[in-house]
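A.B. asks: Those sequence lines, one after another, are chains L and S.
For the record, in the first sequence the residue sitting at position 231 is 231 according to full-length UniProt numbering, with numbers rising by one throughout.
For the record, in the second sequence the residue sitting at position 384 is 384 according to full-length UniProt numbering, with numbers rising by one throughout.
Keep in mind the hints are simulated off the structure, nothing from the lab.
Bear in mind the structure is a predicted one, so any value in this text is a computation, not a measurement.
Please note that the accuracy of each hint is not assured.
What the hints assert, rightly or not - Chain L stretches covered by chain S per the calculated footprint, using a threshold of three residues with CB under 8 Å from any CB of chain S:
1) 136 to 145
2) 174 to 188
3) 205 to 218
4) 251 to 257
5) 315 to 322
6) 437 to 445
7) 505 to 512
What the hints assert, rightly or not - Short derived list, chain S residues pointing at chain L, Cβ under 10 Å:
8) Leu251
9) Ala406
10) Thr455
11) Ile456
To be verified - Distance windows between CB atoms, simulated:
12) S/Leu376 to L/Gln178: 28 to 38 Å
13) S/Leu376 to L/Gly350: 14 to 24 Å
14) L/Arg272 to S/Glu405: 39 to 49 Å
15) L/Ala274 to S/Pro160: 54 to 64 Å
16) L/Asp48 to S/Pro160: 41 to 51 Å
Glycine included, C-beta positions come from ideal geometry on N, C-alpha and C.
There are 2 protein chains.
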Amino acid sequence: MAAWRERSWWGWGWADSALDDDACRRLAETSLRPWLPIDGSLLPVPDDPVLPAPRLIPPSILREAFAADPVTRAAHTYGKAFRDVARALHGRLDNPPDLVCHPRTGHDVVAALDWAEAAGAAVVPYGGGTSVVGGVEYRGDTPWISLDLSRLNRVGEIDPVDRAVRVQAGVFGPALEQALAPHGLTLRHYPQSFEFSTVGGWLATRSAGHYATGPTRVDDFVEALRVITPQGPVESLRVPGSGAGPSTDRLFLGSEGTLGVIVEAWLRVTDRPARKASTSVAFPGYDQAVAAVRTILQAGLRPSNCRLLDPVEAMLNAGATDGRARLLLGFEGATTGLLADALTICADHGGVPSAPSAGGPSVAAAEVDSWRSSFLRAPYTRDALIRLGLVVETVETACPWSRFEALHAAVTAAAQAAAPARVAVVTCRLTHAYPDGPAPYFTVITPARRGAEVTIWDEIKAAVSEAITANGGTITHHHAVGRDHLPWLARQRDPLVTEVLRAAKRTLDPRGILNPGALLDP
Amino acid sequence: MAAWRERSWWGWGWADSALDDDACRRLAETSLRPWLPIDGSLLPVPDDPVLPAPRLIPPSILREAFAADPVTRAAHTYGKAFRDVARALHGRLDNPPDLVCHPRTGHDVVAALDWAEAAGAAVVPYGGGTSVVGGVEYRGDTPWISLDLSRLNRVGEIDPVDRAVRVQAGVFGPALEQALAPHGLTLRHYPQSFEFSTVGGWLATRSAGHYATGPTRVDDFVEALRVITPQGPVESLRVPGSGAGPSTDRLFLGSEGTLGVIVEAWLRVTDRPARKASTSVAFPGYDQAVAAVRTILQAGLRPSNCRLLDPVEAMLNAGATDGRARLLLGFEGATTGLLADALTICADHGGVPSAPSAGGPSVAAAEVDSWRSSFLRAPYTRDALIRLGLVVETVETACPWSRFEALHAAVTAAAQAAAPARVAVVTCRLTHAYPDGPAPYFTVITPARRGAEVTIWDEIKAAVSEAITANGGTITHHHAVGRDHLPWLARQRDPLVTEVLRAAKRTLDPRGILNPGALLDP
């Protein structure tokens with residue numbers, strides 16, 4: 001289990017993996033100055049925080065589960081969005097949890113909810129704390145506790161006949177894969193936050209893994225859930241498929257801690273893939289590359305990797321400097337014929353596979369490796385860019401293919417128009433692709449006036465969210481709703497459905513203690 | 001649109017496709033007498049029914065939409081389960097709808113619901129009327145209308161870029177496929193009821209098609225829904241994927257007309273498959289065949305057909321008389337390597353592909369064709385068997401692989417123990433298979449005392465449902481809940497989830513007019 005002293009309370013991941021001051025300055029000189037007007041000054045890494053005294057006293061029976069020290073409270077104040085890190089760097093910890101509770105058992109969760117109901121405290125469930133949408137941050141006035149589930153960390157039965165695993169909600173990605181590996185099994189679910197996020201967090205937010213197609217959303221792996229609500233536990237039946245009315249699991253998948261605390265799941269696992277094949281393909285234009293991806297999907301091919309990077313993304317993240325878009329293409333399992341079929345489709349759209357280079361790893365392999373390394377390092381680099389005075393954040397959606405071109409143009413234009421001096425780098429990749437549409441993922445980078453970073457981003461985010469909504473995109477494909485997406489979700493979700501969710505919440509959480517302000521206007 | 005005079009009001013499908021008296025007697029002599037103690041007498045096809053006068057007067061503004069003639073009312077009294085046909089043959093139409101309403105537009109649906117609320121009438125949505133679980137039959141005391149959606153029968157935009165179709169709820173399977181065929185597209189969803197069931201019925205009951213693996217449940221094809229509730233319309237956003245909270249579509253999928261009337265959907269469609277390959281494989285024992293199916297699925301293979309017939313099923317439905325189980329195996333699209341891989345796995349478990357016969361269609365092709373023809377004729381044959389005095393009905397479930405052997409034994413024993421004189425033929429096929437478990441489908445045939453058929457079946461059904469529940473199976477994999485499965489669902493569904501569904505119903509249907517008694521105890 002990760003001890004909190006080792007994790008960064010203000011930024012991403014492990015404290016000792018953050019770029020130090022020298023590394024930040026090198027990044028500025030080598031990668032940023034040619035592009036962006038930055039002065040090279042650095043926001044310092046903050047000292048340990050000083051916080052107001054908690055307004056709650058933990059109950060005696062659960063005393064060992066509660067922490068009240070400032071670093072633990074600070075680490076549970078925000079998620080890990082740009083605006084979270086920027087606020088923490090500026091020492092803005094305006095509404096930290098009064099207490100952090102680390103239950104070790106389902107009984108502890110029941111006791112914590114009972115106590116919080118009686119104490120009038122809000123309860124914000126917390127998995128790995130990697131939310132980028134304000135999902136673990138409380139914005140109300142009442143006292144509140146962060147319910148950190150990371151000590152519910154047991155991997156139970158691993159069933160080799162049914163290919164399923166029983167796992168508690170607080171198990172992190174690496175621990176789950178370590179438990180499965182000796183059996184030759186894998187969940188095969190790798191969100192970018194994999195190392196620092198938990199099974200329960202994935203389920204509560206309907207996370208999507210880095211596989212581009214096929215079973216990538218965690219929903220697909222769920223056999224059954226166990227959820228503790230203020231009204232009692234809820235369990236679903238563990239079966240491979242059922243048509244017995246609306247799905248119980250689907251009620252809680254994506255409920256973001258507002259209806260109950262997911263404490264355990266049965267998940268489907270699979271054999272570790274024996275074979276993999278991957279390459280990268282260069283396209284003269286982005287539109288042609290998009291058409292190739294659409295055709296690949298609609299031909300029934302399901303590449304495990306099918307990430308389309310626009311030319312700037314390709315340069316920044318895959319080291320490709322020829323100004324062309326790159327499609328990173330990979331297959332697992334029975335690979336040979338499928339990759340060849342996909343490359344034929346790419347060629348029809350002007351795509352050229354990167355040639356193997358003599359005497360060393362191929363260009364394609366280098367580009368794929370460069371992308372993977374960049375993908376995993378990206379959040380640490382992001383923190384360095386924030387310290388250097390940049391707004392740097394991502395926005396994601398999904399839309400029908402027929403609406404993608406207009407959505408892409410509108411999002412890019414909206415971000416640039418809302419940026420200071422209208423200067424912003426806006427890149428786009430397709431992270432996931434479906435036969436009926438892509439999931440585009442935009443990165444926005446713009447210089448910010450010190451101290452105004454959060455306001456600037458909030459303005460850009462609002463403009464971009466309007467553009468997404470106006471062009472038929474979902475307000476979130478896989479970052480979840482939290483608090484930041486709620487104003488736009490409230491317009492996309494039918495008002496009667498909102499009323500149904502409110503009715504569900506009244507049924508399961510009549511006093512409204514669970515994550516108030518996420519998913520539903522309190 | 002099918003005019004009701006052409007459809008059988010008492011039995012399956014087209015009236016002129018039913019087996020006539022001579023055909024019934026031939027069936028008895030050639031196929032049944034060697035096996036079962038029947039006397040060969042026939043229940044006559046009933047005359048047109050005489051019904052009590054309706055207790056409702058249709059509103060003047062919708063008068064053209066309403067029918068009150070006895071044949072139309074009789075045809076909407078029941079679904080098409082064994083117990084429905086048996087009751088109709090015996091002239092037991094105890095609680096026919098007072099009126100049948102055929103709305104032509106969404107506005108008509110709104111008007112019908114408004115009128116029914118004011119009139120205190122229950123409203124039972126009706127697609128093609130092929131429910132086998134009491135889903136379209138009202139068992140309450142109040143006046144009621146059957147809301148037949150078959151005139152909401154327009155196929156709207158067919159979007160070739162996004163591979164999607166907008167379709168009204170009352171479109172039948174063949175009409176949808178006919179509209180898609182000129183575009184080279186298909187929904188690829190073929191429940192056994194395909195010819196006589198509607199898109200709206202599939203969605204409301206979470207139907208599964210005859211493809212054995214992969215996207216077989218209609219849920220997988222849904223981009224967006226439009227639903228009319230007594231409180232107003234509900235629409236979901238049309239996107240290829242979303243993580244924006246619990247899925248709106250999943251709330252209505254499987255709601256069986258209790259929360260709203262599904263009037264339209266955007267569905268994902270796909271290219272018609274260019275290549276197909278299929279064969280049949282004989283296994284010395286059923287356990288070995290089950291293990292082969294499990295291994296095929298867990299190896300990542302996704303055959304389009306993977307129906308495993310036990311020896312009696314193989315004889316009755318595929319003409320295989322060697323006492324061996326048969327696996328009907330088919331792939332679509334990129335087929336060659338995959339079928340070879342699957343056959344290798346079968347060989348590891350003792351499976352032998354049926355050899356091609358010289359100078360004619362292969363044995364395998366004959367067995368596959370025999371099965372397909374039997375599959376489509378089965379409901380007509382079933383009606384003939386009922387006229388001959390047999391109880392003949394099917395029961396289906398899904399369970400983890402590790403529980404299948406015990407479930408199979410328990411269901412078989414329970415059906416035989418509950419049958420008259422403990423004599424029943426109980427066969428099993430696997431209709432669908434998942435990496436984590438199969439969906440077994442049992443057929444029960446037993447002679448019945450004239451007039452006692454329904455009581456006898458109800459006793460068998462109760463015993464079998466207990467066996468399923470006790471052995472970890474869902475009470476329904478794809479027949480839905482309706483009224484017949486409700487007592488067992490009430491035990492499998494967590495009571496708090498039942499309360500959430502009740503709260504959803506109160507929100508959308510506060511007077512409780514929609515399909516009372518289905519899915520929820522009224």
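A.B. asks: All hints are to be evaluated individually against the structure, with a verdict given for each.
C.D. replies: Right, here's what the structure says about each hint:
no.	hint	result
1	136 to 145	violated (count 0)
2	174 to 188	violated (count 0)
3	205 to 218	holds (count 5)
4	251 to 257	holds (count 6)
5	315 to 322	violated (count 0)
6	437 to 445	holds (count 3)
7	505 to 512	holds (count 3)
8	Leu251	holds (6 Å)
9	Ala406	violated (13 Å)
10	Thr455	violated (25 Å)
11	Ile456	violated (25 Å)
12	S/Leu376 to L/Gln178: 28 to 38 Å	violated (51 Å)
13	S/Leu376 to L/Gly350: 14 to 24 Å	violated (47 Å)
14	L/Arg272 to S/Glu405: 39 to 49 Å	violated (27 Å)
15	L/Ala274 to S/Pro160: 54 to 64 Å	violated (37 Å)
16	L/Asp48 to S/Pro160: 41 to 51 Å	violated (60 Å)
The structure fails hints 1, 2, 5, 9, 10, 11, 12, 13, 14, 15, 16 (numbered hints given earlier, in ascending order).
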